[in-house]
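Enquirer: One-letter residues, chain by chain:
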Amino acid sequence: MSDLSGLMQHEVHLAALSFMGAAYILRIVWLLQFKKIEEMSLSAGTGNGAVLQSLLAVTKPWTIEGVRKNPAFYLQFVIFHLGAAAAIGLTFLIPYRPELLKDALFVQSLRMVLGAAFIVGLFRLYRRIADRALRLISTPDDYFALVMMTLFYALGISAVSGNPEILSGQAVLTFFILAAFFHIYVPFSKIIHYLYYPFTRYYLGKMMEHRNIGRKG
Amino acid sequence: MKAINNKSAGRCTINPAPVEPWRIPELLRKKINRQTACSLAACVHCGKCARSCHYALARPDDPFMTPAYKADQIRRIFNRHIDWLGRIFPWWTRADTPRDEQDIQSLKDIVFGTCSGCRRCTFNCPMGVDNAALIRLARGILTEMGIIPEGMANVCRNQWESGNQMSVTEEEFRNTLDWIRCEVQYELGVDDVKIAVEKEGCDFIYALNPREIKYDPSSFMNAAKFFYLAGESWTLPSYGWDITNFGLFSGDDRLGAFMAENIYQAAERLRAKRIVVSECGHGYRSVRWEGYNWAKYRQAIPTESVVETIARYLQEGRIKVDRLKNTAPVTFHDSCNVARYGGLLDQPRLILKQVCADFREMHPNRMNNFCCTGGSGLLTMPEYRPLRLEAAKIKADQLKATGADIVCTMCHNCREGLGDLISHYRLDMQVVQIMDLVAEALVLPDRKTDDNCRAEIKQV
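Going line by line, the protein sequences match chains A and B. Under the numbering used here, the first sequence has 335 at position 205, and the numbering climbs by one with no breaks. Under the numbering used here, the second sequence has 191 at position 175, and the numbering climbs by one with no breaks.
Careful, some of the hints might be misleading.
Stated by the list, open to error - Once the Cα atoms are required to be at most 27 Å apart in a straight line, the calculated DSSO-like pairs of lysine-lysine come out as:
| no. | chain 1 | residue 1 | chain 2 | residue 2 |
| --- | --- | --- | --- | --- |
| 1 | B | Lys-369 | B | Lys-341 |
| 2 | B | Lys-46 | A | Lys-165 |
| 3 | B | Lys-210 | B | Lys-289 |
| 4 | A | Lys-320 | B | Lys-416 |
To be verified - Here are some, though not all, of the chain B residues that point toward chain A, as calculated from beta-carbon distances under 7 Å:
| no. | residue |
| --- | --- |
| 5 | Ala-53 |
| 6 | Val-60 |
| 7 | Tyr-85 |
| 8 | Trp-108 |
Source of the hints: derived by calculation from the structure; they are not laboratory data. Built from N, CA and C at the ideal position, the CB exists for glycine as well.
The following block holds chain A by itself, in its conformation from the complex:
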């Protein structure tokens, strides 16, 4: 491991993570500064579990019409986000648990997930450019985030290998430079949507629960 690579994997990585954590906290504080609607009406029920259902919407693709009509979208979503989890996981495995990366099956699985996510990333990019409606609503941030994530997966594939010697190579260094960049950029970009998800879903679910919306007849 070169000095620079070591620096990126440990000190810079942790500093960037700390920055991201601090920015997330500020984001949440910022969000909570907006006044909340206080519910003045009497609740329609005794609780139908809508908050939990709403928060778990991501695990119930059939509840979303666009997905019901096009299940491949959900598959893409799962693969893309598994890739994100794998790539983020790698930023911890490489510096702190490198011995795990000696397991050929594990590494192969990682590469497969990252490879699939990379392909989905390319497809999503194509779709965003080719679909008129998507193109109209897409911002430079949307394109950039997608390109960078796809690149992150590609670098992740290059960074992992059964051969520990390769771990110290340029690919790992580049991977960690990009990871550090991500940690700084994410709080300002659309990638932060996962931080907002619990909020939007909670408030939607809360309203549904209060009004007893969504129960089965």
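Since chain A is already given, all that's left is putting chain B on it; use the hints.
Expert: Chain B only, in chain A's frame:
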């Protein structure tokens, strides 16, 4: 800001002063709340919402119909003035702000003319982004600037000035109630029907849609009939009886609070134990749910739709019906304001199954139902009618697929909206409301159907 590619309506405003785009950020800051801020920040532009919106489905090749695009019109302003990144690098998130009259006009056409606020996209958004709330937020900002379609502006003004949307005077109100009472007595063959106004201590106050007073009294007559047969103790307030609320449509929370509070105060004044609202989708939503929040009025007594009241009468056997009196195939249209915003899904079905011999669901239904296309005040904005009717193709196909002769709804607005599209798409269907079907199926007690009695009442 980009213009939508349909014919743009002329500038309609209740404020003759020049438009002041610089006020938009200030108004946005004033009106935004945590729920809308979350929705503004959380959209990932996945475009899934387009598959749930009847406008986007009816115009698949028109990217301007995507709900995210419509919501983006207010999101850009939010990004430009409130969000972190958009304030520093606006071009990066396409953050922008309306700069001139043309931008404002474009914004007005999008938020008033291309969304019925049905909230179908909200429930089909993976992130839970409430696009309908964002559209209403934008409408509220424009309304406060005096930029509002003329038809809607007129109704808002009526509500502010007279407390009801059709400017019905108290004298007109009382006269109408009087002849409705006579009519109900005649139909029931009795002479002791009472439609009390401002009577204190009744079980409930009944609040209704002014169209029931002004030009379509059948709905109110039916309600009066059922209340009489059920032996109810009820009254109408002389002021604060209009459940319609154009504060909901225009995004003006102050008007929303004013209209809703009129009813809450009437109930308090008359020491009623409940508020019952007639068959009106947005009226139900406004009085039952949003109004309490707008008015910051802590709800103390139950508020219910007359559909819930009638369902209870049927369950308790207080009125009798015969489903064989309605043999034509009937389908039910869930009003967005009642179903997706109000969760009232079972009671209408409970009634319809008792009063119709052939009740059939349309698909999708309940929370997934498509809008009648007349929601969010669109029926008061004729300038957007061509686009509305084009988008109504989705609903027309849905209706046609049921094979029903009658489509039933529990909303006056839906009745109008469905009627409009049925005539436009030449469907062989009739629109009725739940109380119409209950009235048809009603089994009157024998003693009240005596011909002599009818003649006597007629004479009286």
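Enquirer: Each hint needs a verdict: does it hold in this structure or not?
Expert: To see whether the hints hold, each was checked on the structure:
1. Our distance criterion of 27 Å between C-alpha atoms is met by Lys-369(B) and Lys-341(B), whose separation comes to about 12 Å.
2. The straight-line distance between the Cα atoms of Lys-46(B) and Lys-165(A) is roughly 10 Å, inside the 27 Å bound, and the hint therefore holds.
3. Proximity of Lys-210(B) to Lys-289(B) is assessed by CA-CA distance (about 19 Å); at most 27 Å being required, the pair is judged to hold.
4. For the given pair, Lys-320(A) sits about 42 Å from Lys-416(B) by alpha-carbon distance, which is inconsistent with the 27 Å threshold.
5. The beta carbon of Ala-53(B) comes within 4 Å of a beta carbon in chain A, closer than 7 Å, and the hint placing it at the interface holds.
6. Given the 7 Å rule on beta carbons, the hint for Val-60(B) holds: about 5 Å separates it from the nearest Cβ of chain A.
7. Given hint, Tyr-85(B) at the interface with chain A, holds; its Cβ is 5 Å from that chain's nearest Cβ, closer than 7 Å.
8. Because the beta carbon of Trp-108(B) sits about 5 Å from the nearest beta carbon in chain A, less than 7 Å, this interface hint is met.
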